[in-house]
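K.L.:
Sequence:
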Amino acid sequence: MGCSIRNKEETFTKKNKDWLKGEFTILKVTSRPGRPKKLFQELSERSKRKTEELRNSVDVEVLTHATQVKLSASGKRNAAKIEIITSSKRATKYKRAYSVSQQGDKTGSQMTPTQALSLFVEANLSRSQYETIRNANKNYIPAIALYNEPKSNAIRIRS
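Remember, the working numbering sits 15 above the position in the sequence shown when you count from 1.
There may be inaccurate statements among the hints.
DSS-like, lysine-lysine: derived pairs with alpha carbons at most 25 Å apart [what the hints assert, rightly or not]:
(1) Lys23 x Lys52
(2) Lys36 x Lys23
(3) Lys36 x Lys52
(4) Lys52 x Lys91
Honestly, the hints are just simulated from the structure, not real lab data.
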């Protein structure tokens, strides 16, 4: 019985010696079975609430430390240095300052109607082009109706 196996092996190697001498690579499949994982930001609010078990079972200090380590590992060292637990009053100040800065970005930096008219005229924009630009940044560029007033004033001055 051992002879027949040896003969089969010899026959196989004779017939396939060129193929057996060659090199080949076996590719490894990298995709995992099942549903693909999403980033936390992409999850729905319902899926984000599933962290409740983790929040209830782990101390606040441990979660805070884990957050700080993760932030510093991702390169956000300044955010990692803020200690929320040791100074809760500071956390309130940070929150207030952040909300004020967000409001400042929205309201304080809007173009005046005169500046908008200047942009419209100097760039030789059509009304639809202006509206397209405005739709990209509504907080900064005023509506077309707001700059009709300076336009009418400019026409009165010329005549």
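K.L.:
Against this structure, judge whether each hint is valid.
P.N.:
Structure-based check of each hint:
Simply put, Lys23 and Lys52 have alpha-carbon atoms about 48 Å apart, too far for the 25 Å limit, and the pair is violated. Restraint check for Lys36 and Lys23: the C-alpha separation of about 18 Å stays at or below 25 Å, so the hint holds. Using a Cα cut-off of 25 Å, the hinted pair Lys36 and Lys52 is violated, with the two alpha carbons roughly 42 Å apart. With a CA separation close to 24 Å, the supplied pair Lys52 and Lys91 stays within the 25 Å bound.
In this structure, the hints that do not hold are numbers 1, 3, in rising order.
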